[in-house]
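Chains A, B and C, in that order, give the protein sequences.
UniProt numbering applies: residue 1 is where the first sequence begins, and numbers increase by one.
UniProt numbering applies: residue 1 is where the second sequence begins, and numbers increase by one.
UniProt numbering applies: residue 1 is where the third sequence begins, and numbers increase by one.
In short, the hints are calculated from the structure, not lab data.
The beta carbon of each residue, even a glycine, is placed where N, CA and C say it ideally should be.
Treat the hints with care, as some may be off.
Lysine-lysine pairs mimicking DSBU-like chemistry, simulated, CA-CA at most 35 Å apart [what the hints assert, rightly or not]:
1. B:Lys84 <-> A:Lys213
2. C:Lys495 <-> A:Lys213
3. C:Lys694 <-> A:Lys151
4. A:Lys213 <-> B:Lys85
5. B:Lys220 <-> C:Lys133
6. B:Lys322 <-> C:Lys740
7. C:Lys740 <-> B:Lys220
8. A:Lys151 <-> C:Lys419
9. B:Lys23 <-> C:Lys133
10. C:Lys744 <-> B:Lys347
11. C:Lys623 <-> B:Lys311
12. C:Lys106 <-> B:Lys39
13. B:Lys295 <-> C:Lys744
14. A:Lys66 <-> C:Lys495
15. C:Lys55 <-> B:Lys21
16. B:Lys39 <-> C:Lys55
17. B:Lys53 <-> A:Lys66
18. B:Lys39 <-> C:Lys264
19. C:Lys457 <-> A:Lys151
Computed Cβ-Cβ distance ranges for the label pairs, DEER-style [to be verified]:
20. C:Asp318 <-> A:Gly210: 53 to 61 Å
21. C:Glu97 <-> B:Ser125: 20 to 28 Å
22. C:Lys147 <-> A:Gly124: 52 to 60 Å
23. B:Lys203 <-> A:Asn178: 45 to 53 Å
24. B:Ser125 <-> A:Glu182: 40 to 48 Å
25. C:Ala154 <-> A:Gly210: 54 to 62 Å
26. A:Glu181 <-> C:Ser461: 43 to 51 Å
27. B:Ser125 <-> C:Asp159: 23 to 31 Å
28. B:Lys322 <-> C:Glu151: 35 to 43 Å
29. B:Ser125 <-> C:Lys156: 34 to 42 Å
30. C:Glu30 <-> A:Gly210: 34 to 42 Å
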Amino acid sequence: MADNERKGNGFDNDNSPRRIFLKKSSALAAWALTPTVAMTVVDNGLHEKVALAVEQMPLWLTINGKAQQLSIEPRVTLLDLLREQLHLTGTKKGCDHGQCGACTVHVDGQRVNSCLTLAMTTEGCTVTTIEGLADGGPTGTLHPMQEAFIKQDGFQCGYCTPGQIMSAVACIREGHANTPEEVREYMSGNICRCGAYANIVDAIMDVKKGGAKV
Amino acid sequence: MNPFQFTRVTTPKAAISAVTKEKGTYFLAGGTNLIDLMKREVVIPERLVDINKLPLATIEKTVTGLRIGATAKNSAVADNELVKKYFPLLSQALNAGASAQLRNMATVGGNMMQRTRCAYFYDNSMPCNKRSPVQTGGAAGSTERFRADKGQANGPTGCGAIGGFNRMHAIFGASEKCIAVHPSDMCIALVALDATVNVSGPKGDRKIPFGEFHRLPGDKPQQDNTLQPGELIMSVDLPTNRFSDNSHYLKVRDRASYAFALVSVGVALDMKGNTIRDVRLAMGGVAHKPWRLTKAEDFLRGKPATEANFKQAAALAMQGAKGYGENDFKLTLAPNSIIDALKTATKTA
Amino acid sequence: MTKDTKNPPIDRVDGRLKVTGGANYFADFEIPNTAYCVIVGSKIAKGTIASLDTKKAQNAPGVLGVFTHQNMPPIPGWDAPVGGEADGPAPKPKTEETYRILSSSKILFDGQPIAIVVADTYERATYAASLVKATYSKQTARTDLQKHVAEGIAPKGADGGNYLRGKPDAYQAAPVTLEANYTIPIEVHNPMELHGILAHWTGPNTLMIYAKTQGVNATQQAMAEAFKIAPKNIHVHAEFMGGGFGMGLRTWPQETAVVAIARKIGRPLKLVVNRSQMFTLVGHRPYTVQTINMGADQDGKLIGIAHAATAETASYEDFTEATVNMTKFMYACPNVSTRYRIVRLDRSVPIWMRGPGEATGAFALESAMDEMAHKLKLDPIEFRLRNYTETDPEHNRPYSSKNLKEAYQRGAEAIGWSKRKNEPGSTREGDWLIGYGMSTGTFNAFRWEASARVLLKADGSLTVQSAVTDIGPGTGTALTMIAHNVLNVPLNRIKVEYGDTSLPKAPTQGGSAIVSAVGSAVFDACTSIKQALIELATKNGGPLVGRQADELTLADGILSILTEPKKKVAVSDLMQANNLAVIDRTKESKGGPQLQNYSMYSFSVHFVQVRVNPLTGVVRVTKAVSVADSGRIVSPKTAASQMIGGVAGGIGMALTEEAVIDHRFGRFVNNNLADYHVAVHADVPAIETIMIDKPDPIINPMGAKGMGEIALIGFAGAVANAVFNATGQRIRDLPITPDKVMQKLT
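Make the full structure from the sequences, and use the hints.
Given below as structure tokens:
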């Protein structure tokens, strides 16, 4: 993303992101910027879309290699943005509180819980989800970790699987996959209720030992 | 989650200015605790000031030791070669906390600022003096952040944990207002290693000895720490030491990983043969703040590393401990854990 | 018909979808214009709503409606609300509570929905829900089973909760006696996928539902009854379910409510409950207290067992499970009595959780067997062998198959049982105490009715269809294997379609019964296709005219004479010659009356090695071996996964899982995944699974019995027994947390 596109993105200027955005809509310029306004707008019977615009802010980021220019409410988490707005539903909601790992994605290459990540904090970041890990699809090439999960049967219901795989890839990249014990510790942020743990560890060790680029 | 305003800053000065401007403004770093609390309507901010882009993430050698920037991620600190080599206790403690994902998000400053995991604090239908202090209010950016939001009740006052589910709760330094514990592992290592906190605020910069950063609940359980309104944690300084060969962080918990401590012990020793030249001991899961065991340290200094001495030290450490029913087991588990950690750290196990 | 060779391990047929994020669970489906529902739960456990302020919520941005007991749209098929303001027919007798969602101001359990908020985005619905404010007129809630055990009532049913063989108190006079009390706390299924529903009225009386259910036909039926519309007008889809473990065995009231509200609002609605609501709205394993009295002679022969269990249920529904059943038939004991009672509390209703009551009962029985073995100074396996039975003593009939002796032996070898010392507390490694424990598990092997459709196309491809949902055990993979075994169609030419009411009816996935039920239907349909092919080939004018069926063999699309391989015909040619594009068979399958002559059970044996830290009380399972005696293994790879999953669940049950209520408030204090401790990676060691893999000659044509439940049943007992062996201390109330062990050891 070119620098000039990033201008006016509000760094070091308290209100400017919202302000600049709002300027685009003269109808909105008159309102103050407190959240309660949105409710007042509705109370006054004004159009719903007005309330929507008041609450939204611009966000630029790259998801699975694709640059995105979005407009979102600051309270939207990265997880809900991916699932509900961008329909990247491979990333799952298991607890919504950073307690299960089902929502694990990579932000700038680091595994994080997308449920506790406000999407706004990923401004300018590169996000990778399970859909972007490899070519995927019905016939595309799989990532070695995806192959290994199939081979070792590292899943049952499959719901935690995207998070496990994203976490597993990061675990190797971080250098925390040297022994099964280390893998168990560093994968403990990904709960699998079906209990596929032993097979997941085998899959990760396979990939680690196989030496394929992850 | 309530709607709120969102501001990004790139300089500490702008951050401090932004958080001081209006009530209900909070710094947002890793968000692993704050976003969680917002989802549970325990914290209802008007504005978040995103400090993730502040240039405070460096870890560097200084004349006196090591300086760790406030927005350095927990994982970056834990995996840092200098930390692993010279402050292994800190690395171990960090890795004992949360999950790899959360450690990638959580910052050093945020870890220090995390709130208790007390169930009554988290459930705003339950009584809690920390969440719902009797006197609400507080200046913008103050540590009294969890006040009622514009008259919206934030739950009943009182302490649900006293007489309730207090299995996880304090045995040291609690008050009749609050028996919650500070949940951090990292802070146990930092208090043991005599860290200093560098903060910057509207009134300038100051240093806070780590042991004075967190506070006991007393009559103001809503205040976790001694930060003043608008103050921002800039970095943490660690003095050099001779503990790198004999450090151990023991965390006793209900499952093998990804759980808060029932009791944890941070031990760092300087050994000469079997003699303890110097020692640092601190515990987690037992108090409203990271709990330093200075009496036990004083006792052990200069003594041989024997189980008998460890037992005496543990007994000294337990002076003044008090159980609240379900956590009575900690009165035994804590000294046992001290002994176990000392045995491991001195390699006498 | 039974294939007498072992099946090869094949990859899960839905593996690719699951590793790429392509498997769609109910909340992943996209319907344009979908709005979001959020449930507001009661903050008290018993009383009435005194006031309910929904105005702020209604006025919040994006809100489409706030539904409470004051304005909930009617659900025509439900009986009239009880104790509320509704008109209509008289309520049921006051002695029985009824729970109808959002029908009354009455609160029967903590977290009971008091409002459902609908808004155009998830964030707005969630925020608006936080603005709904209620005040309550509170009553004292009875939520603590321990305080109300004496109020147990006998459940309705044939035996009234009592069973007796021989004399009820024979154990008292035995030379060696044991009395022990065991407690299982509330456990919560907590599948990783959150419960909910996506409902879309596609017409005034036609409904599309994406559900989190273990049975699409059951959901279809429930909705048909609730809305009084024909089942055929209700389409339910649940191809993938992110774990159920029992919580999806029924249609929950909030699902019905969302469907009703969707109709009222005129938009598709999505509900995804939050993790805390998973503790109150979709059932749990009930808190259960048990007492076992056991008597044996000096030779280790059981003389009598009395097993009593009391479990919690809701005030508004009697939930029962087979907690004491294993005791009735597991051992050759002449005098056995069991007693099962339930206590109605101010709690939400439980539901079967993996291994259901049998897992609860097995913990008590198998702990008691270990305790008795210790009293008798016998090896626990030897004690079990001395009381081994080849016939079912409860029903006086043979087992359809039982290879438990072999299971004991092979498991013992794998864990290194010979290293175990019978004297507890006598093995150490450094500061850690080492112990070994074992336990038996058993569960009914069912043969339910099911149907399946199989289509063989002239191009040689095969499609297998059944409405059954695959909640994770690998049903699709097993059905593929069964079809392959009959028709020898290459695995990659077989496609399985499931989890949708447009497909042939199947039972709800549960009770470890699906391979037996649906698998038999697939087997029958495939067999019928094979017969059709043989008939085409051998009829007058056919290429293999005059040959008998048993002379023929079918492989890779070629029908040939077994002894003369050159005499053959390609299936595709055969079908073309007969102008057949497809051979299409739908079969309904159920067991014959001969099944009544047998007791059909799957068996398991679990072995564990534990390490116990004597100072901190920390217990780690360092080795686990689980042996399954569940007939022919249809799909070895997914079957092994079932078993290792049972170990992980069993470690949780044994060491970490407990949902805690603060009884002053009747409210959970650890209703989240940080504080309700499901086992994580670090808790679970490498696991060895052993399959006896001998076909059951009775139950079904595959000879396969179920294994989902036996994977868990008994495991917690094995851990408790290992902890005893390591420490000499017996923990009888689960979970075995560090504080309990440490206190016993210090």
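Hints, verified against the model:
no.: 1; hint: B:Lys84 <-> A:Lys213; result: holds, 27 Å
no.: 2; hint: C:Lys495 <-> A:Lys213; result: holds, 33 Å
no.: 3; hint: C:Lys694 <-> A:Lys151; result: holds, 25 Å
no.: 4; hint: A:Lys213 <-> B:Lys85; result: holds, 29 Å
no.: 5; hint: B:Lys220 <-> C:Lys133; result: holds, 28 Å
no.: 6; hint: B:Lys322 <-> C:Lys740; result: holds, 19 Å
no.: 7; hint: C:Lys740 <-> B:Lys220; result: holds, 34 Å
no.: 8; hint: A:Lys151 <-> C:Lys419; result: holds, 34 Å
no.: 9; hint: B:Lys23 <-> C:Lys133; result: holds, 24 Å
no.: 10; hint: C:Lys744 <-> B:Lys347; result: holds, 26 Å
no.: 11; hint: C:Lys623 <-> B:Lys311; result: holds, 33 Å
no.: 12; hint: C:Lys106 <-> B:Lys39; result: holds, 28 Å
no.: 13; hint: B:Lys295 <-> C:Lys744; result: holds, 28 Å
no.: 14; hint: A:Lys66 <-> C:Lys495; result: holds, 34 Å
no.: 15; hint: C:Lys55 <-> B:Lys21; result: holds, 32 Å
no.: 16; hint: B:Lys39 <-> C:Lys55; result: holds, 21 Å
no.: 17; hint: B:Lys53 <-> A:Lys66; result: holds, 23 Å
no.: 18; hint: B:Lys39 <-> C:Lys264; result: holds, 29 Å
no.: 19; hint: C:Lys457 <-> A:Lys151; result: holds, 29 Å
no.: 20; hint: C:Asp318 <-> A:Gly210: 53 to 61 Å; result: holds, 55 Å
no.: 21; hint: C:Glu97 <-> B:Ser125: 20 to 28 Å; result: holds, 23 Å
no.: 22; hint: C:Lys147 <-> A:Gly124: 52 to 60 Å; result: holds, 58 Å
no.: 23; hint: B:Lys203 <-> A:Asn178: 45 to 53 Å; result: holds, 48 Å
no.: 24; hint: B:Ser125 <-> A:Glu182: 40 to 48 Å; result: holds, 41 Å
no.: 25; hint: C:Ala154 <-> A:Gly210: 54 to 62 Å; result: holds, 60 Å
no.: 26; hint: A:Glu181 <-> C:Ser461: 43 to 51 Å; result: holds, 46 Å
no.: 27; hint: B:Ser125 <-> C:Asp159: 23 to 31 Å; result: violated, 42 Å
no.: 28; hint: B:Lys322 <-> C:Glu151: 35 to 43 Å; result: holds, 36 Å
no.: 29; hint: B:Ser125 <-> C:Lys156: 34 to 42 Å; result: holds, 36 Å
no.: 30; hint: C:Glu30 <-> A:Gly210: 34 to 42 Å; result: holds, 36 Å
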